[in-house]
Structures are given as C-alpha cells and as structure tokens.
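A.B. asks: Letter by letter, the chains look like this.
2 protein chains.
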Amino acid sequence: MPQRLNAAEPDFEARFRDLLGAKREASADVEATVRDIVAAVRHDGDAALIAYTERFDQLSLTPGTLRVGEAEIEAAHAATAPETLEALTLAHRRIASHHERQRPRDDRYEDAIGAVLGSRWTAVESVGLYVPGGAASYPSSVLMNAVPAKVAGVERIAMVVPAMRGALNPLVLAAARIAGVDEIYRVGGAQAIAALAYGTATIAPVAKIVGPGNAYVASAKRQVFGTVGIDMIAGPSEVLVIADADNDPDWIAADLLAQAEHDRSAQSILLTDSPAFADAVEAAVERQLARLSRAETARASWDEFGATIVVSDLLREAPPLADRLAAEHLEIATADPEALFGRIRNAGAVFLGRHTPEVIGDYVGGSNHVLPTARSARFSSGLSVLDFVKRTSILQLSAGALRALGPAAIELAHVEGLDAHARSVAVRLNL
Amino acid sequence: MPQRLNAAEPDFEARFRDLLGAKREASADVEATVRDIVAAVRHDGDAALIAYTERFDQLSLTPGTLRVGEAEIEAAHAATAPETLEALTLAHRRIASHHERQRPRDDRYEDAIGAVLGSRWTAVESVGLYVPGGAASYPSSVLMNAVPAKVAGVERIAMVVPAMRGALNPLVLAAARIAGVDEIYRVGGAQAIAALAYGTATIAPVAKIVGPGNAYVASAKRQVFGTVGIDMIAGPSEVLVIADADNDPDWIAADLLAQAEHDRSAQSILLTDSPAFADAVEAAVERQLARLSRAETARASWDEFGATIVVSDLLREAPPLADRLAAEHLEIATADPEALFGRIRNAGAVFLGRHTPEVIGDYVGGSNHVLPTARSARFSSGLSVLDFVKRTSILQLSAGALRALGPAAIELAHVEGLDAHARSVAVRLNL
Chain A
2 MPQRLNAAEP DFEARFRDLL GAKREASADV EATVRDIVAA VRHDGDAALI AYTERFDQLS
62 LTPGTLRVGE AEIEAAHAAT APETLEALTL AHRRIASHHE RQRPRDDRYE DAIGAVLGSR
122 WTAVESVGLY VPGGAASYPS SVLMNAVPAK VAGVERIAMV VPAMRGALNP LVLAAARIAG
182 VDEIYRVGGA QAIAALAYGT ATIAPVAKIV GPGNAYVASA KRQVFGTVGI DMIAGPSEVL
242 VIADADNDPD WIAADLLAQA EHDRSAQSIL LTDSPAFADA VEAAVERQLA RLSRAETARA
302 SWDEFGATIV VSDLLREAPP LADRLAAEHL EIATADPEAL FGRIRNAGAV FLGRHTPEVI
362 GDYVGGSNHV LPTARSARFS SGLSVLDFVK RTSILQLSAG ALRALGPAAI ELAHVEGLDA
422 HARSVAVRLN L
Chain B
2 MPQRLNAAEP DFEARFRDLL GAKREASADV EATVRDIVAA VRHDGDAALI AYTERFDQLS
62 LTPGTLRVGE AEIEAAHAAT APETLEALTL AHRRIASHHE RQRPRDDRYE DAIGAVLGSR
122 WTAVESVGLY VPGGAASYPS SVLMNAVPAK VAGVERIAMV VPAMRGALNP LVLAAARIAG
182 VDEIYRVGGA QAIAALAYGT ATIAPVAKIV GPGNAYVASA KRQVFGTVGI DMIAGPSEVL
242 VIADADNDPD WIAADLLAQA EHDRSAQSIL LTDSPAFADA VEAAVERQLA RLSRAETARA
302 SWDEFGATIV VSDLLREAPP LADRLAAEHL EIATADPEAL FGRIRNAGAV FLGRHTPEVI
362 GDYVGGSNHV LPTARSARFS SGLSVLDFVK RTSILQLSAG ALRALGPAAI ELAHVEGLDA
422 HARSVAVRLN L
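Those protein sequence lines, which keep their order, are chains A and B.
The opening position of the first sequence corresponds to residue 2 in the working numbering, with each subsequent residue numbered one higher.
The opening position of the second sequence corresponds to residue 2 in the working numbering, with each subsequent residue numbered one higher.
Just so you know, not all the hints are guaranteed correct.
If several chains are the same, the list does not tell them apart, and a pair holds so long as it fits within one copy or across any two.
[Said to hold, decoys possible] Calculated pairs, SDA-like style, for lysine to any residue (alpha carbon to alpha carbon, straight line, at most 20 Å):
#1 K24 with E55
#2 K24 with G418
#3 K24 with D108
#4 K24 with R288
#5 K24 with L169
#6 K24 with T228
#7 K24 with T203
#8 K24 with T123
#9 K24 with A40
#10 K24 with A235
#11 K24 with P206
#12 K24 with A216
#13 K24 with T66
#14 K24 with Q224
Source of the hints: derived by calculation from the structure; they are not laboratory data.
With the hints as constraints, model all of the structure from the sequences given.
C.D. replies: Here it is in structure tokens:
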C-alpha cells in the first residue's frame with residue numbers, strides 16, 4: 002500500500018519532506034566504463050562502434066550495414082497495421098501543429114540613440130536522436146523528439162537505436178519515417194552517443210543529441226556535453242493528481258496506474274480533500290491492478306513510491322505542496338481547475354479537468370511528452386522547438402550612437418582594469 | 002606572432018581543423034576534491050561553509066557575518082565615483098530595457114475538436130548568482146546575470162562572492178544594489194555553490210545557479226546540476242573579426258586585443274580578404290601591445306591562440322568558416338555587414354559595421370555579455386530572460402474532444418504494451 006499523509010497531522014511536514022527527498026533511482030557508477038567506450042569510438046570510429054555492438058548487442062555489423070536501409074524502413078512502415086499508422090499519423094499531425102506555435106520570433110529595433118539591437122533565431126544544423134531498444138522502444142517518443150526538431154528547421158536528424166541480436170521495433174522505424182528522420186543507425190549505448198558526438202567514417206557528427214536512455218547513455222551524454230549540446234537527463238516518470246471527491250475513483254485510479262506501470266521507480270501521488278475518496282481510489286487501484294499486464298511493475302511503484310495526501314482545503318493547501326513537488330505531470334480533476342492552476346507555479350505539464358487523462362498528452366494531445374522529472378520543473382521546461390534553435394544577439398551602432406555610449410563603456414573598462422577594452426572604443430572616438 | 006592561414010594554400014583545411022580543435026584550457030581534475038566539499042556543506046551547513054572559507058579565503062566568519070549587511074552595501078555604493086555610478090546606471094537601464102523584450106508570451110488556444118492547448122511561462126522562484134573574487138570580479142557581470150533574472154520576475158536573487166582576507170570589490174556591491182540583488186554572502190568556491198544548492202541555516206537554497214567561476218566552481222555546478230538548474234559552463238572568451246581592407250588597422254587591432262587581454266586562453270581571430278591588411282593589423286597589434294597594462298596576458302593569448310585567416314572572397318568563403326568557428330563574439334566590419342550576417346548561422350553575438358566594437362556589448366549596448374564559448378554557439382544561446390523562466394504545457398479536453406482523440410491514444414498505448422495507459426482513456430469512454 003502507498004503511504005497516506007494527512008496535512009492535519011503533526012508529523013506532516015517531516016513526512017512530506019521525506020517524500021520530496023526520496024531517491025527513486027539508484028545511480029549506477031558507470032562513468033569509468035563509459036569514458037573508455039567514448040574514447041575508443043572517438044579514436045577508432047566505426048571499428049570501435051562495430052566491436053562494441055558485437056559485444057553488447059550480439060550483432061555483427063559492417064560499415065555498410067550500420068545504417069538501416071530505405072527498403073527496411075519502407076517495409077516496416079508497410080507492415081504496420083492501418084489503425085496504428087492512422088493513430089501515429091494523427092499524433093504526428095497534432096504534435097507538429099502545436100509545436101509550430103512555439104517558433105520564436107526574431108526581433109530587431111533601433112532605440113532612441115541610434116543603436117540597433119536584436120535577436121535572430123536559427124535552427125541547430127544537425128541533431129542526433131537516441132531511441133532505446135527493447136521494451137522501452139516507443140514509437141511515440143520518436144515523434145515527440147523528432148517533430149520539434151523538424152519544426153525548428155533542423156536539416157539533418159540522425160537516429161540511433163540498438164538492435165539486440167538484430168531486432169528492431171518496426172513501429173519505431175515507421176514512426177521515424179512519418180516524422181521525417183533522415184538517417185537511422187542500428188547502434189545504441191554509450192558507443193552510439195560517442196559516434197554521434199565525434200562522428201565516424203559512416204556517421205557524420207551532430208551538433209546536439211536528444212532522447213532518453215539507460216545509465217550508460219545518460220553518462221555518455223554528460224561526458225560529450227560541451228562538444229555537442231544535450232537535452233535534459235530524464236529520470237523516472239511521475240504524476241501528481243489533484244482530485245476532489247466528485248471524481249469517479251476508477252478514473253483517478255486508472256490515471257495513477259498509467260504512471261506506475263512505466264517503471265518500478267515511477268511515482269504516482271493523489272492529493273485530495275477527502276479521506277473517503279482517497280480510500281475509494283486506493284481500493285480501485287487494487288481492483289485494477291489485478292487485471293494489468295504490467296501489474297508487477299505498477300504494484301512495485303505504487304507500493305514503494307505511491308502516496309495519497311489529504312488536506313482540508315484544496316484551494317489553499319494544494320498549491321504550495323504542488324509547487325514543492327514540482328511534478329512532471331500535474332492533473333487537476335476538479336470543477337474549477339483554473340482556480341488551482343492559477344495558484345500553482347511548478348509543473349512540467351498540466352492536464353485540466355475531469356476529461357483530460359495525462360495519457361492523452363503521452364500520445365495525441367499535441368503537446369510534448371518529454372518533460373522535466375525529479376522536481377526539475379522548478380527550473381526547466383519540457384522539450385520544445387526552443388531546444389532545437391539558438392539565438393544570436395545583434396548590436397549595430399551608428400557613429401553617433403557610439404559617441405553617445407562610448408564614454409560610459411570606457412569608464413567601466415577602466416574601473417575593471419581592462420585597458421584594451423577602453424582603447425577599442427577610444428580609438429574610434431579619437432579620445 | 003599568431004599563425005597565418007591562407008585559404009588558397011593546400012594545407013588550409015588541415016590547419017583550420019587544428020585551429021578548431023585546439024584545446025585552450027587545461028581541465029584541472031578537481032572533481033574528487035569538490036565532491037568532498039559539496040558533501041561536507043550539504044551535511045554540516047554553515048559550519049562547513051565557515052571552515053572552508055577560513056581555509057581557502059583566510060577569512061573568519063560566523064553565521065552572523067556570512068551575509069553582507071545593508072550598511073556595507075550602502076557604503077560601497079556611496080563611495081563609488083559619480084561617473085562610475087552613472088555608467089553603471091546607464092548600463093543597467095539599457096540591459097533592462099533590451100531584456101524586457103525577451104519575455105516569452107503565454108499561449109492558449111482551442112483547436113477544431115475542442116482541445117485546449119497552451120504554454121504558460123513562470124519565473125524561477127529563486128536564483129543564486131556566483132561572482133568571482135579577485136581580478137575577475139566584474140561589476141558588469143553582476144548586471145548581466147542579475148538583470149535578466151529580475152526582468153523574468155525572479156523573487157529572490159542570492160549572490161555569493163569570495164572575500165579573500167575579507168576584501169570585497171565595492172563596485173561589485175554597488176552593481177548588486179543597482180541590479181536589485183536581494184542577498185549577498187561573502188563566500189565563494191565549491192562551498193558557496195553547495196550552500197546555494199542545498200541550503201544552510203543562513204542561506205536558503207535556490208532553484209537555479211548562474212555566473213562564471215574557476216574550475217572548482219564549474220565542477221561544483223556540474224555536480225549539483227539536477228538538484229538545481231545551472232547556466233552554461235563558460236570557457237575562455239573569443240572573438241572572430243571579419244574585416245575588409247577598408248578598415249583602420251588600429252581599430253581592428255584594438256578589438257583583437259580587447260579579447261586577448263581577458264585571459265591567456267582567450268582567442269582572437271581576424272578573417273580578411275587582404276594579406277596586406279592582415280599585415281597592417283598584426284603590426285598595429287604589436288604597437289598597441291607595448292602600451293597595455295595587461296600586455297603579458299594579451300601577448301600570451303595572441304601569440305598562442307591568435308590567428309589571421311586570409312581568403313580571396315569574403316562573401317563566399319567567410320560564412321562557412323565562421324559557422325565552423327561558431328564564435329562567441331562575431332564582429333563584421335565591412336561596408337555591407339548584413340550580406341555576410343545573412344549567410345552566417347553560428348555566433349553567440351554579432352557586432353555589425355565599423356562603429357560597433359564588441360566592447361560596447363560587454364558594457365552598455367544592452368545585449369547580454371554572457372555568451373556561448375568554445376563553439377557551443379552551434380547549439381546554445383547567450384544568457385537571456387528565457388534562462389530564468391520555465392514553461393508549463395497545458396492540455397484540457399472536453400468530453401467530446403476526449404471521444405475524438407481517445408481511440409488513437411488507446412491504439413498507441415496497446416501497441417506500446419501499456420495497458421494501464423489504454424485503460425485510463427477507455428474507462429472514461431465506457432470502452
């Protein structure tokens with residue numbers, strides 16, 4: 002059973018702090034291993050990449066078979082059931098259309114003294130997309146990572162996906178085709194990250210790498226950061242559901258379990274103003290668990306990291322708790338969800354009202370499902386077009402504007418002890 | 002003397018690659034030391050912070066003297082020369098006014114099927130600002146880091162600055178007062194980063210830490226990343242000046258030296274279409290070097306990392322080279338700088354025309370001087386208001402919209418093997 006916290010009890014603050022501080026993921030110490038792999042691929046290129054793939058994925062490749070051919074991608078697409086293709090296409094269309102609105106606008110203006118200032122946004126030239134193998138090889142994630150890059154104008158998306166004993170998930174290939182991924186390579190792990198960062202004879206280097214992966218992939222991304230850009234390092238998924246007693250307990254229980262089934266380290270928290278409703282949801286979770294294919298995973302997550310929190314006044318007490326939890330996913334299932342949302346600041350994504358299960362956002366809502374975990378919504382945001390563009394700031398002075406601003410720049414350069422700075426302005430003003 | 006590269010020579014590509022790959026900074030291996038410091042401050046709070054400050058900064062503090070008092074800040078401000086205060090105030094006003102335009106807009110809209118989607122931006126609650134001690138303790142950097150946070154709406158900015166033997170740069174305190182910094186602590190190094198990330202009895206924890214620092218500070222920032230957000234890890238500064246022969250060699254030489262005087266690891270590169278102009282600039286650099294207070298630093302940087310690159314056609318040959326260099330600062334000193342800028346994609350900041358020395362951007366232009374170094378302008382941007390806000394994505398479905406989207410979500414959940422995901426939608430549709 003998950004733990005029950007009640008805000009009215011004297012030990013609440015201590016227990017809430019424990020909930021916040023609970024470490025849900027053991028961090029494997031793979032740094033040294035990964036360092037060797039990265040160095041080998043950087044030095045030996047394709048040869049090292051192929052050797053590691055043989056060793057870790059039991060797959061023999063040559064430079065000629067590293068890349069997944071057009072025919073194989075086409076065949077995977079053609080073999081996909083029509084209803085699946087239709088769902089993927091709907092998801093793609095909605096994700097693209099929503100992300101189109103995220104394109105930042107250039108800005109250029111002249112101020113009163115004749116200085117032109119501005120910002121110009123351009124797309125990152127090339128992006129590497131990591132897709133995990135095995136059970137966590139999700140076609141939806143291919144769309145969520147590739148579409149914002151495409152919308153941003155990235156010219157080249159190179160995808161890597163490990164193929165254990167040669168097996169690739171055909172749905173991942175189909176999703177890549179729908180999303181317009183340009184190149185696919187059947188490699189994974191730290192070796193694939195190193196290949197994307199430094200390039201090999203077969204795989205041209207990229208400027209930024211995105212996508213989820215295991216501890217080796219995460220460590221490799223940290224190590225190549227600087228040489229290339231990386232996205233956030235994602236932790237286990239989590240949901241906070243704020244629900245009043247007017248909800249159907251079965252609906253809310255289903256939402257909590259949808260999160261819990263992801264991973265034993267996932268976390269599902271219910272925050273309500275009704276102890277009876279909390280009881281009813283817990284009972285519904287038990288009933289539903291019996292019928293789930295991933296019951297063992299979901300139960301482990303729910304029992305170890307699940308929680309129900311009872312407060313007496315949702316509008317007053319829920320917002321500060323929600324802000325401290327800073328959940329990746331926040332569901333607000335009340336009659337007036339805006340009232341609560343208006344008072345909550347930290348959440349990766351919010352799902353408002355009784356008819357918006359978080360799962361819609363995982364697939365077809367149009368918003369992105371790559372979101373900040375582990376309380377990082379306090380300072381970071383979900384994946385968007387902004388992750389695939391960068392800004393050049395612009396300054397242009399007329400001779401007159403330089404005369405107006407120059408003396409202040411010279412003064413500050415002098416007090417900072419930077420003579421050459423001062424001179425670079427003074428020489429133009431004959432000072 | 003800096004090296005001279007000529008695009009017409011057969012070894013040009015190899016030499017240009019060497020220039021790109023040159024490692025300008027030795028990365029000190031301080032990780033283990035920093036790990037101990039961070040752990041001690043996390044565990045022992047103020048006591049550890051005070052002990053490290055005694056040891057590293059030769060300064061004895063108590064919990065009561067960690068924080069710089071209002072009177073001390075006020076006195077520093079009052080003791081600042083009027084012309085310096087005026088220059089700082091002008092810089093502050095221009096930085097604030099430019100950054101106001103960077104505030105992202107919320108977006109909320111209903112699509113054709115009745116799904117509401119959107120993005121809401123909110124400020125990061127609290128920010129830690131690291132300011133280096135000693136010679137690199139720049140008041141201008143206080144403004145550049147604090148103002149975007151203030152404009153974003155950050156409620157609390159806590160600044161840390163090491164005070165070797167008790168000495169603080171009064172201009173840094175004055176700049177902090179002008180920028181509206183809320184708290185100042187006289188601590189630095191990895192111990193100050195740990196205090197900001199985990200909090201102590203005296204220093205409340207922050208959600209994000211920004212600001213430049215030495216290898217210990219950079220390593221500490223990497224280590225606490227995840228617990229808090231961090232800004233980019235800045236490397237040595239660099240400038241690429243694209244200049245035709247119609248420039249005054251003295252002006253361009255001054256610009257190259259303004260960059261070189263920062264740091265022995267700084268890099269100044271001239272790209273021109275005239276070997277004679279390159280000669281003239283090099284000669285001017287030599288003349289000016291003789292008169293600089295930081296001549297030794299500037300010469301070391303210029304001799305070891307400086308370069309002049311000669312091409313035959315600026316418009317055709319400069320853009321691809323500039324994109325590969327992806328310079329932090331790009332000056333385009335030609336008659337038609339827009340023509341070149343329109344073809345260049347990677348640069349942290351651009352300074353257009355003959356009257357826009359990069360130094361103006363360091364101080365009073367209004368744009369930010371915290372910019373991506375070491376070729377990271379290929380995938381990242383300078384500091385802006387966006388670094389101090391985060392986005393919550395919004396989804397709200399009507400019952401009808403859920404009916405329209407639900408079946409596709411259920412289909413994708415099924416093919417991904419996530420039963421509870423499918424159920425969370427199906428239970429609401431009585432499927």
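A.B. asks: Take the hints in turn and mark each one as holding or not.
C.D. replies: Checked hints:
1. For a Cα distance limit of 20 Å, the shortest separation of K24 from E55 qualifies neither inside one copy, at 34 Å, nor across copies, at 33 Å.
2. Proximity of K24 to G418 under the C-alpha cut-off of 20 Å is found in neither arrangement, the shortest distances being 48 Å within a copy and 27 Å between copies.
3. Taking identical chains as interchangeable, the C-alpha atoms of K24 and D108 are never at most 20 Å apart, the minima being 43 Å within one chain and 35 Å between chains.
4. In this assembly of identical chains, the alpha carbons of K24 and R288 never lie at most 20 Å apart, being 28 Å within a copy and 61 Å across copies at closest.
5. With identical chains, the CA atoms of K24 and L169 are never at most 20 Å apart, being 33 Å at best within one copy and 39 Å at best between copies.
6. In this homomeric assembly, K24 and T228 come within 20 Å of each other (Cα to Cα) only across copies, at 12 Å, whereas the closest approach inside a single copy is 30 Å.
7. For the homomeric pair K24 and T203, neither the shortest alpha-carbon distance inside one copy (40 Å) nor that between copies (26 Å) is at most 20 Å.
8. For the identical chains of this complex, K24 and T123 are neighbours neither inside a copy (39 Å) nor across copies (27 Å), given an alpha-carbon limit of 20 Å.
9. For the homomeric pair K24 and A40, the shortest alpha-carbon distance between copies (16 Å) is at most 20 Å, but the shortest distance inside one copy (31 Å) is not.
10. In this assembly of identical chains, the alpha carbons of K24 and A235 lie at most 20 Å apart only when taken from the same copy (14 Å versus 30 Å across copies).
11. In this assembly of identical chains, K24 and P206 lie within 20 Å of each other by CA distance solely across copies; the values are 19 Å between and 35 Å within a copy.
12. For a Cα distance limit of 20 Å, the shortest separation of K24 from A216 inside one copy, 15 Å, qualifies, whereas the shortest one across copies, 28 Å, does not.
13. In the homo-oligomer, the alpha carbons of K24 and T66 never lie at most 20 Å apart, since the shortest distance is 41 Å inside one protomer and 34 Å across protomers.
14. When the C-alpha separation of K24 and Q224 is checked against a cutoff of 20 Å, the pair qualifies only between copies, where the shortest distance is 16 Å, while the shortest distance within a copy is 23 Å.
Going down the numbered hints, you'll see the structure goes against 1, 2, 3, 4, 5, 7, 8, 13, while the others check out.
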